[in-house]
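S.K.: According to the numbering used here, the sequence shown is numbered sequentially starting from 395.
It should be emphasised that the hints constitute simulated quantities derived from the structure, not laboratory data. Be aware that a few hints might be false.
Below, a list of computed lysine-lysine pairs in the DSS-like style, where the Cα atoms sit at most 25 Å apart [unchecked claim]: (1) Lys593 <-> Lys451; (2) Lys554 <-> Lys618; (3) Lys593 <-> Lys513; (4) Lys632 <-> Lys513; (5) Lys513 <-> Lys451; (6) Lys593 <-> Lys618; (7) Lys618 <-> Lys513; (8) Lys632 <-> Lys451.
With beta-carbon atoms standing in for the labels, derived distance ranges [said to hold, decoys possible]: (9) Leu574 <-> Ile685: 32 to 40 Å; (10) Asn536 <-> Gly447: 51 to 59 Å; (11) Glu540 <-> Thr659: 16 to 24 Å; (12) Pro766 <-> Ser584: 37 to 45 Å; (13) Asp474 <-> Leu759: 24 to 32 Å; (14) Arg515 <-> Pro658: 53 to 61 Å; (15) Ser584 <-> Leu688: 39 to 47 Å; (16) Asp660 <-> Trp469: 21 to 29 Å; (17) Arg643 <-> Ala755: 44 to 52 Å; (18) Glu540 <-> Ser498: 27 to 35 Å; (19) Gln551 <-> Gly621: 14 to 22 Å; (20) Phe548 <-> Val764: 38 to 46 Å; (21) Phe548 <-> Ala509: 47 to 55 Å.
The C-beta atom is built at its ideal place from N, Cα and C for all residues, glycine as well.
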Amino acid sequence: MAMREIYYWLKESIVIAFRALRVNKSRAILTTLGIVIGIMAVATTMTVSNGLGNNFKESISAVGSDVLYVSRMPWIITGDFFRYRNRPRITFEESELLARSLKSAKAVNPSTGTARNVKYRSEVLENATIIGTTEAQMMMANAVPELGRFITPFDVQNRKFVCVIGSEIRDNLFGAVDPLQRDIKIGRYSFRVIGVMEKQGAGGFFGGPNFDRQVFVPITSFNKAYGSRNREFTIAVKAPDQETIDDFRFELVGEMRKIRGLKPTDEENFSINSMESLMNAYNTVMGVVLIIGLIITSFSLFVGGIGVMNIMLVSVTERTREIGIRKAIGARRKMILTEFLLESCGICTMGGLIGLLLSYAVAALINSFVMPAAVSLPVIMIAIGVSFAVGIVSGMMPAMRAARLDPIDALQYE
395 MAMREIYYWL KESIVIAFRA LRVNKSRAIL TTLGIVIGIM AVATTMTVSN GLGNNFKESI
455 SAVGSDVLYV SRMPWIITGD FFRYRNRPRI TFEESELLAR SLKSAKAVNP STGTARNVKY
515 RSEVLENATI IGTTEAQMMM ANAVPELGRF ITPFDVQNRK FVCVIGSEIR DNLFGAVDPL
575 QRDIKIGRYS FRVIGVMEKQ GAGGFFGGPN FDRQVFVPIT SFNKAYGSRN REFTIAVKAP
635 DQETIDDFRF ELVGEMRKIR GLKPTDEENF SINSMESLMN AYNTVMGVVL IIGLIITSFS
695 LFVGGIGVMN IMLVSVTERT REIGIRKAIG ARRKMILTEF LLESCGICTM GGLIGLLLSY
755 AVAALINSFV MPAAVSLPVI MIAIGVSFAV GIVSGMMPAM RAARLDPIDA LQYE
């Protein structure tokens with residue numbers, strides 16, 4: 395078949411298919427409802443999944459990817475929980491020993507935390523996160539003070555009762571007043587505000603740490619005010635560079651084993667955590683959740699496809715005499731087949747486009763009230779492709795039935 399003939403054949407098939415859709419507008423619109431709901435469900439599921447992923451990445455973006463964390467328990471626990479729970483706590487003294495022995499590290503930063511009420515005059519903010527840390531905190535995170543300065547080695551060495559507050563604490567306690575060099579009460583102790591951190595976000599949809607509700611104090615002052623005995627410390631260690639972080643991890647493990655006096659046959663009683671391992675665990679979990687969500691939402695597409703198939707079978711029955719006439723004057727089987735397939739694909743694609751528009755509205759609501767979310771180009775392409783595929787699958791049986799009709803029997807059909 396020449397290209398010119400193929401062109402006219404496809405053009406005629408498309409014209410006839412869309413003429414049939416135009417004649418039966420009400421039926422076509424009702425038929426698309428199942429596809430609309432199905433595509434909207436699929437697009438929304440993928441959009442929410444992308445939004446959750448972006449939200450999670452944003453919530454941990456303030457932490458460097460080249461930082462390893464020494465803690466008593468792993469962030470992702472698999473196996474026997476009690477085996478980890480019975481480990482000895484990481485102590486402040488161990489962080490000092492590690493800082494002296496691990497020469498290749500760019501920085502070693504011990505930290506611990508508690509929750510306390512923060513007060514300035516009559517204004518009180520309950521359950522703020524108080525973090526005892528050192529000047530090395532600035533090397534571990536991407537955030538910097540918006541006003542004032544951060545903790546210095548002098549503050550740590552001399553146990554200065556100074557603090558750096560988050561933007562939410564500044565807004566709640568001080569409003570339009572300049573907070574620098576003003577004293578606030580953290581629990582029972584007074585600390586002088588020397589800096590205000592830039593706004594970082596509220597920890598995201600996952601209920602992670604609210605970075606804007608944190609107060610940083612020198613770890614030595616923290617230990618003096620709130621005590622260090624029976625308190626959980628974490629040691630953040632910055633690797634020399636991202637490329638050698640795996641080799642650096644082995645070195646870090648070796649130094650910690652020396653500090654804890656572990657024999658070569660002894661099991662490690664500490665954990666080395668990183669943002670990469672946390673992100674990998676998240677991707678694994680969200681991958682499973684996304685697959686389950688798509689399987690569930692695909693049932694609505696299946697029901698919609700069955701509806702399209704039924705309507706197309708009705709359409710074949712109604713147009714039996716028309717098919718007989720067209721075959722009698724020379725229409726080929728593949729032309730009849732193509733016409734009904736295009737009609738089925740047209741119905742499903744129209745439903746898919748409507749479903750996408752509705753998913754845009756849902757994404758806008760999610761973006762306004764829950765978390766950042768937007769329908770991305772890959773989601774649009776997948777939704778349109780799925781709509782077209784459902785149209786082909788749903789229309790194949792009716793199209794084949796129409797194409798196989800005998801012209802004489804079709805002309806005699808009443």
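S.K.: Hint by hint, say whether it matches the structure.
M.R.: Status of the hints after comparison with the structure:
With a C-alpha separation of about 16 Å, the suggested pairing of Lys593 with Lys451 holds against the 25 Å cut-off. Note on Lys554 and Lys618: the hinted pairing holds, with a Cα-Cα distance of about 10 Å set against a maximum of 25 Å. For the hint linking Lys593 to Lys513, the alpha-carbon distance of about 20 Å falls within 25 Å, and the restraint holds. For the proposed pair Lys632 and Lys513, the alpha carbon gap of about 34 Å is over 25 Å, so the pair is violated.
A C-alpha spacing of about 32 Å is found between Lys513 and Lys451, which places the hinted pair above 25 Å, so the restraint is violated. As the CA atoms of Lys593 and Lys618 are separated by approximately 29 Å, the hinted pair breaks the 25 Å bound. Restraint check for Lys618 and Lys513: the C-alpha separation of about 20 Å stays at or below 25 Å, so the hint holds. Restraint check: the Cα-Cα separation between Lys632 and Lys451 comes to about 20 Å, which is no more than 25 Å; the hinted pair holds.
Separated by about 51 Å at the C-beta atoms, Leu574 and Ile685 break the suggested range of 32 to 40 Å. For the pair Asn536 and Gly447, the beta carbons lie near 19 Å from each other, so the given range of 51 to 59 Å is not met. A hinted range of 16 to 24 Å is violated for the C-beta pair Glu540 and Thr659, which are about 51 Å apart. Look at Pro766 against Ser584: about 39 Å separates their beta carbons, and that is inside 37 to 45 Å.
Our hint of 24 to 32 Å for Asp474 and Leu759 is violated, since their Cβ atoms are close to 43 Å apart. Separated by about 59 Å at the C-beta atoms, Arg515 and Pro658 satisfy the suggested range of 53 to 61 Å. Distance hint check: the CB atoms of Ser584 and Leu688 are about 55 Å apart, inconsistent with the given range 39 to 47 Å. Taking 21 to 29 Å as the suggested C-beta distance range, the pair Asp660 and Trp469 conforms, at roughly 23 Å.
The hinted range of 44 to 52 Å is satisfied by Arg643 and Ala755, whose Cβ atoms lie roughly 47 Å apart. One distance hint, 27 to 35 Å for the beta-carbon pair Glu540 and Ser498, holds here, with the actual separation near 33 Å. Taken as a hint, the range 14 to 22 Å holds for the pair Gln551 and Gly621, whose Cβ atoms sit roughly 19 Å apart. Checked against the hint of 38 to 46 Å, the C-beta distance between Phe548 and Val764 comes to roughly 44 Å, which is consistent with it.
Separated by about 27 Å at the C-beta atoms, Phe548 and Ala509 break the suggested range of 47 to 55 Å.
Violated hints for the displayed structure, listed by number in ascending order: 4, 5, 6, 9, 10, 11, 13, 15 and 21.
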